[in-house]
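Novice: So the protein sequences, as listed, match chains L and Z.
Those letters in the first sequence? Residues 1 to 336, per our numbering, in order.
Those letters in the second sequence? Residues 1 to 321, per our numbering, in order.
Source of the hints: derived by calculation from the structure; they are not laboratory data.
Idealized CB from N, CA, C, for every residue including glycine.
You may find that some hints are simply not true.
[Said to hold, decoys possible] A short list of chain Z residues far from chain L (calculated; beta carbon distances all over 10 Å):
1) D27
2) G29
3) R123
4) P139
[Said to hold, decoys possible] Beta-carbon label-pair distances, calculated as ranges:
5) Z:T72 to L:P244: 14 to 24 Å
6) Z:R167 to L:T179: 52 to 62 Å
7) Z:F55 to L:R331: 26 to 36 Å
8) Z:G235 to L:R331: 45 to 55 Å
9) L:D232 to Z:N8: 27 to 37 Å
10) L:S142 to Z:R167: 54 to 64 Å
11) L:V199 to Z:F13: 45 to 55 Å
12) L:D232 to Z:F13: 13 to 23 Å
13) Z:G15 to L:I159: 46 to 56 Å
14) L:L327 to Z:F55: 28 to 38 Å
15) L:V270 to Z:G268: 47 to 57 Å
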Amino acid sequence: MLRFILTRLSILIPTFIGVTLLTFAMIRLIPGDPIELLVGERGLDPARHAKLRAEMGLDRPVLEQYWHYLTGVLQGDLGKSIVTKQPVVDEFFTLFPATVELSICAMLFAVALGIPAGILAAVRRGSVFDHSVMGAALTGYSMPIFWWGLLLIILFSGILGWTPVSGRISLLYFFEPVTGFMLIDSWLSGESGAFKSAVRHLILPTVVLGTIPLAVIARQTRSAMLEVLHEDYVRTARAKGLAPWRVIGFHALRNALIPVITVIGLQVGVLFGGAVLTETIFSWPGIGKWIIDSIHRRDYPSVQGGILLIATTVIIINLLVDLVYGLINPRIRHRR
Amino acid sequence: MPLLEIDNLSVTFGGLRAVDGLDLSIDEGEVLGIVGESGSGKSVAMLAVMGLIAFPGVVRANAVRFNGRELTGLNKRERRNLTGKDIAMIFQEPMTSLNPCFTVGFQITETLKVHEGGTRNTRRERALELLSQVGIPDPERRLNSFPHQLSGGMNQRVMIAIAIACRPKLLIADEPTTALDVTIQAQILQLLLGLQREYGMALVLITHDMGVVAETAQRVSVMYAGQLVEERAAGALFTHPRHPYTHALLDALPERGRDRPRLPTIPGVVPGLYDRPSGCLFNPRCASAQADCTERVPPIESGNRGRVRCWHPLREDAVGA
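Looking at chain L on its own, in the form it has when it is part of the complex:
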């Protein structure tokens, strides 16, 4: 087991180098530099511009800049934001809980609806329910996130007025963050209505961000269940005289979950990608929105550091998923 974890962790090294190289190169391929964007339309005389570039080290050869950046990363220093002058790590971890909170809710939403829907669709294969669920899943999967988000805002926030348009909690409430998770903090604050407000703010972003994972999980669960339902051991379970819910929800599902867990792990990466758009639409103060803002400001260290940290998170989550995979699939656990 330890060897398994170490092998998986060793993959981190080339991935890190790849991620740093890519983000470093790509942000510099976008025209404009941070200084031009800071001063905006006021303009800046070329001498002053050159002096600021030199101060930031942007006048050095690109390879040297990369080397400087890489050695910093290896020492745990992701640099400081050009705009706010705060360490990138601090900024990241201030905003990270908001994204994590949203992602967890979106994933719970996707799993809680996707797995039962997939099971039912498989059991009632070819029925109206099956066709509607699979049709809806395909639609959800194909729909651009920003458009889907705007549609929901127009309907539920605009026309119906049920949910707020943006933010994490109503401006009426203020309390010191304890965990960074608004649901927990608002609960702890004891202010009446704060928790309810946090929940109301979470609903639409959760639905929008969870839609694609929901579609993928429902489809994967359905196909895995269809495969498993024809297995001999499902017939054995029925031959024992077990009730249908136990045959399907226990004997079959346990086996069908193995590929579904893998897909859930892969969706974590998709989730962070989706968070960029979702947070922008709902002004959700998380990592996604922060990275978009940093790209607009050509805040090189923030973009580089932020993406590197997100990549690390995704890799670690996938490692955890692989470990869970071993837990639910004894055939993997007992190898060697």
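Starting from the known structure of chain L, arrange chain Z on it as the hints suggest.
Specialist: Showing chain Z alone in chain L's frame:
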């Protein structure tokens, strides 16, 4: 009164008649062999008795009486209470018939929990007892094993342990040895017969291996294309088969072909959905078919020499085995 009595059982899948008007009965403590080629409907018929035919299969019967109780009118829950308890079944592929995600112990005690309740400890004790009854060494340790850690023969023993857990009155074994090594086959058969005697249960042995039947069954039913074609006490059937199909099956046994250069075979295959012949279903492959065989369906004819469905049954003196 027989333990199980089936009157005119039919199972259809769409237009396909997998089982066609089957009458069958088995007494308490009897060992019945059901023989036939692949696709002859022997497994499907027994799955129907278990109540395991799923959509789109349709099961019809005038009556299926088990232990004096009519099964056809039971609701699903009442039916499930019998399945796995009074009627149990083991299958052909032991390696895939056990759930790979659960331990052997869990899979045995689950049946006990559903049908008999009891405490965790009593169920565990019974599982240990069962494992040693089916000849699994070191049962304590095997309780926590997963199926992939055991051999095919071991897994089949576990399947048998699950099947007999609630002391069924009828055990259906569907080709229980087909997927196993020859050396293990004999052991499993001996185990099944031993348990059959010990528990006093009736045993239905589905197989396409005449050799297996010869060693075990008291009475043999031969099925062809979903129909019963011959049924007789095992000894008489082997020495004096009356249906040409039974005769051809026995003739194809390697043990009987030692002095012949080539083993005889039955030409053709079991008819499917679209090529069902008129008259007797076996007539296109039958060595002794005559003109009338293609015209009318032969009825089952009962007598003191068993039952046979043939217009021209072989005479006892005509064939020496």
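Novice: Hint by hint, note whether the structure agrees.
Specialist: A quick look at each hint next to the structure:
Listed as a non-interface residue, D27 of chain Z keeps its Cβ farther than 10 Å from every Cβ of chain L; the least gap is roughly 23 Å. Distance check for G29 of chain Z against chain L: the nearest CB is about 22 Å away, which clears 10 Å, and the non-interface claim stands. At the 10 Å boundary, the C-beta of R123 of chain Z stays outside the reach of chain L, the nearest C-beta of that chain being 14 Å off. P139 of chain Z, annotated as away from the interface, keeps every beta carbon of chain L farther than 10 Å; the closest lies near 19 Å.
Look at T72 of chain Z against P244 of chain L: about 20 Å separates their beta carbons, and that is inside 14 to 24 Å. In this structure, R167 of chain Z and T179 of chain L meet the distance hint of 52 to 62 Å, their C-beta atoms being roughly 57 Å apart. Restraint check, F55 of chain Z to R331 of chain L: a C-beta distance of roughly 31 Å satisfies the suggested window 26 to 36 Å. Separation of G235 of chain Z from R331 of chain L is about 46 Å and conforms to the stated range, judged on CB atoms against 45 to 55 Å.
For the pair D232 of chain L and N8 of chain Z, the beta carbons lie near 29 Å from each other, so the given range of 27 to 37 Å is met. Between S142 of chain L and R167 of chain Z, the C-beta spacing of about 57 Å keeps the proposed range 54 to 64 Å intact. Range check, V199 of chain L to F13 of chain Z: about 51 Å between beta-carbon atoms, so the 45 to 55 Å window is met. Remark: the range hint 13 to 23 Å for D232 of chain L to F13 of chain Z is upheld by a beta-carbon distance near 19 Å.
Our hint of 46 to 56 Å for G15 of chain Z and I159 of chain L holds, since their Cβ atoms are close to 54 Å apart. Between L327 of chain L and F55 of chain Z the beta carbon distance is about 34 Å. The supplied range of 28 to 38 Å therefore holds. For the pair V270 of chain L and G268 of chain Z, the supplied restraint of 47 to 57 Å holds, since their beta-carbon distance comes to about 56 Å.
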